[in-house]
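**Q** Sequence:
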Amino acid sequence: MKSHTNEEVVSALKHHNQNFFKGLKGKKSNSSMAQQFIEQMVNSPGIYFDPIGSLNQIDSYLSVVVPIDVSYIKPHLINLQRSISYSKLICEESLVFNPLECKNLFQPVIIQYEDMTRYSEAIPNLASHHSTKRNALVGVIGTISKKLFGTMDEEDAIRYDGAVREIQSDEKKIASFVKENIIVTTSALKTFNKSINIVESNQREISDALSALRTAVENITIKSRELKIHSRVLELVSMIGNNLLTISFKIQDLVESIMFSKSNALHPGILTPKELYTELINNYRFIPPIKKLPTLLSLENIHTILNISTISGYMTKNELVFVLHIPLLNPIDFLLYHNLPYPTPHNVENPTSYSTIIPSSKYIGLSNDKSLYCRVDELQKCKIINRNTYPQSKSKSNLGLIHI
4 MKSHTNEEVV
14 SALKHHNQNF
24 FKGLKGKKSN
34 SSMAQQFIEQ
44 MVNSPGIYFD
54 PIGSLNQIDS
64 YLSVVVPIDV
74 SYIKPHLINL
84 QRSISYSKLI
94 CEESLVFNPL
104 ECKNLFQPVI
114 IQYEDMTRYS
124 EAIPNLASHH
134 STKRNALVGV
144 IGTISKKLFG
154 TMDEEDAIRY
164 DGAVREIQSD
174 EKKIASFVKE
184 NIIVTTSALK
194 TFNKSINIVE
204 SNQREISDAL
214 SALRTAVENI
224 TIKSRELKIH
234 SRVLELVSMI
244 GNNLLTISFK
254 IQDLVESIMF
264 SKSNALHPGI
274 LTPKELYTEL
284 INNYRFIPPI
294 KKLPTLLSLE
304 NIHTILNIST
314 ISGYMTKNEL
324 VFVLHIPLLN
334 PIDFLLYHNL
344 PYPTPHNVEN
354 PTSYSTIIPS
364 SKYIGLSNDK
374 SLYCRVDELQ
384 KCKIINRNTY
394 PQSKSKSNLG
404 LIHI
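Each residue of the sequence shown is one higher than the one before, counting from 4 in this note's numbering.
Any given hint could turn out to be false.
Think about it this way: if two alpha-carbon atoms lie no more than 25 Å apart in a straight line, the pair counts; the simulated DSS-like pairs of lysine-lysine are [said to hold, decoys possible]: (1) Lys-294 to Lys-386; (2) Lys-320 to Lys-77; (3) Lys-294 to Lys-373.
Note that these hints are calculated values from the structure, not bench results. All values reported here derive from a predicted model rather than from experimental measurement.
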């Protein structure tokens, strides 16, 4: 309890009311409203509980694991480099083009190849961060090297890596991992497998075109040779350029996805909202009934789920793995109140001094049946789903769930 003189209370009330009416700027107000607001309460408990919304506890997180195969990038770039060098050599030896024409013809694809090589080499560096808890380079069973980014730690990376390996070998194990709050996306695996097939198909077409060009140089008669070689070289340059363009889209998606994740945003090139919705719909039935998603599961609400989720990940030699951590809420709903100290006079007949109860926390959440409550000191530590709804992080520093 804290006592105040009459002058202190009057001054505090004036200051409080001034701030209150500043917040009403642009709204209609009248003298009766002001009079009603500053009316003295003679039977006050000392704290005014101002309702501001609802509150849910974050019980745990559902981890949506998105593994991306990157093993094909380096070998494919090496094959492209060999194709460019060999094609340029044939162009120069054919005598159909002079050296300057060959240089000008292949220069654009060479520059594009160098750019893609630089981007691909930057991926491992982008996918690492300076960890304060553990080294960002993690040795798993002494053989696999990982780089962590986001909020990922060593134990989680090992756990997710094991889940990815098992799901890739047997998709029937998905349900067992969902019960452990882990979903390994199968749609992303299928999408990137399709992309790899396209890249490999393009590489085979380039190899066939190189063979055709070699045959043209060796076997075609002198009269038709120049026109045929000219056509073959232009076709080959076009195919190499298209193949570089295809792989460049994949590499740029990976680079942008890592940068997005460091801003806690999921790049649609990794997992689209519709794909996430499909994964959740297919696996939601395996989530324990004592936990619930922050909002109704629908395609329209996926953006809300993404906004209050966090993203982390890790990279191995062959894979880049993104993990979307979706909050799972405790089913108990709390009504959230702002605790406002309210001066209470010591003597109602002669209110010259007052007492104020100082709340132990700035906010309080009460269950609907008033049997449970939790203390909240800062709303900044809560994730806002929508107006007047706050799911709260389960942290020992700012949350206590206690039976009254």
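**Q** For each hint, tell me whether it holds in the structure or not.
**A** These are the hints, each one checked on the structure:
1. For the hint linking Lys-294 to Lys-386, the alpha-carbon distance of about 17 Å falls within 25 Å, and the restraint holds.
2. Restraint check: the Cα-Cα separation between Lys-320 and Lys-77 comes to about 11 Å, which is no more than 25 Å; the hinted pair holds.
3. This hinted pair checks out: Lys-294 and Lys-373 have alpha carbons roughly 21 Å apart, not beyond 25 Å.
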